[in-house]
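The listed protein sequences correspond, in order, to chains A and B.
Going by my numbering, 12 is the number at position 12 of the first sequence; the sequence numbering is gapless.
Going by my numbering, 61 is the number at position 61 of the second sequence; the sequence numbering is gapless.
Honestly, the hints are just simulated from the structure, not real lab data.
There may be inaccurate statements among the hints.
Unchecked claim - Below, a list of computed lysine to aspartate or glutamate pairs in the EDC-like style, where the Cα atoms sit at most 16 Å apart: (1) Lys38(B) x Glu100(A); (2) Lys9(A) x Glu44(B); (3) Lys70(A) x Asp30(A); (4) Lys3(B) x Asp86(B).
As the list claims (entries may be wrong) - Away from chain B, derived, C-beta distances all over 12 Å, residues of chain A: (5) Gln37; (6) Gln41; (7) Gln56; (8) Gly63; (9) Val111.
Stated by the list, open to error - Pairwise CB distance ranges, derived in the manner of DEER restraints: (10) Lys14(A) x Glu56(B): 27 to 37 Å; (11) Asn52(B) x Thr77(A): 30 to 40 Å; (12) Val24(B) x Arg44(A): 40 to 50 Å.
Glycine is no exception: its CB is placed at the ideal position from the N, C-alpha and C atoms.
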Amino acid sequence: DGGITQSPKYLFRKEGQNVTLSCEQNLNHDAMYWYRQDPGQGLRLIYYSQIVNDFQKGDIAEGYSVSREKKESFPLTVTSAQKNPTAFYLCASSTRINTEAFFGQGTRLTVV
Amino acid sequence: AQKVTQAQTEISVVEKEDVTLDCVYETRDTTYYLFWYKQPPSGELVFLIRRNSFDEQNEISGRYSWNFQKSTSSFNFTITASQVVDSAVYFCALSEYLNAGNNRKLIWGLGTSLAVNP
């Protein structure tokens with residue numbers, strides 16, 4: 001079945017540690033996105049990538065980093081520079097022509 | 001600036017009632033897309049519909065229907081005969097161009113939380 005897989009579903013991190021969230025898609029989509037969701041704030045775009053080896057900052061990129069070495073994979077690293085990392089993180093992908101984005105199941109990150 | 005407003009933060013209905021979720025948007029683009037997504041308690045966003053700015057026909061899919069009116073910049077979503085399984089947060093979104101490469105960025109509303117009670 002085609003889709004987007006995010007792992008892990010739940011992640012706990014100690015303050016000061018970097019952590020990487022995985023996102024893999026087998027939909028053959030060119031574009032991939034990372035969103036952050038906080039209660040009452042909707043979805044906010046962190047980073048996006050239109051093609052392999054290219055990515056752009058979204059609205060709230062500070063404290064995050066990404067890579068796009070393969071078409072299928074777009075991992076997000078939450079660095080210790082992110083002041084308030086506890087949130088629900090959603091990965092999505094879309095084709096270049098069609099515009100609807102398809103989402104993974106999300107990763108809930110908690111800083112302890 | 002592009003913007004999506006979902007004025008209803010929470011709605012509670014009793015099963016079998018009809019319910020309409022409102023979405024009002026602002027854009028300077030002449031060509032744009034509008035979307036509805038459903039987010040059940042599990043967290044994954046589920047794509048429901050895409051509508052482009054040139055197509056103002058209403059759409060019906062089972063118990064779901066959408067009313068797109070450019071004159072009022074609205075794209076409302078109606079669930080007929082609601083069921084408990086419809087309980088979720090529903091998001092309306094508007095696309096805008098990222099750059100000349102034809103990829104788009106979604107502008108999201110804050111969502112409407114729908115509770116359908118038995």
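Of all the hints numbered above, which does this structure not satisfy? Sort the numbers upward.
Checked against the structure, the hints that fail are numbers 4, 5, 6, 7, 10, 12, while the rest are satisfied.
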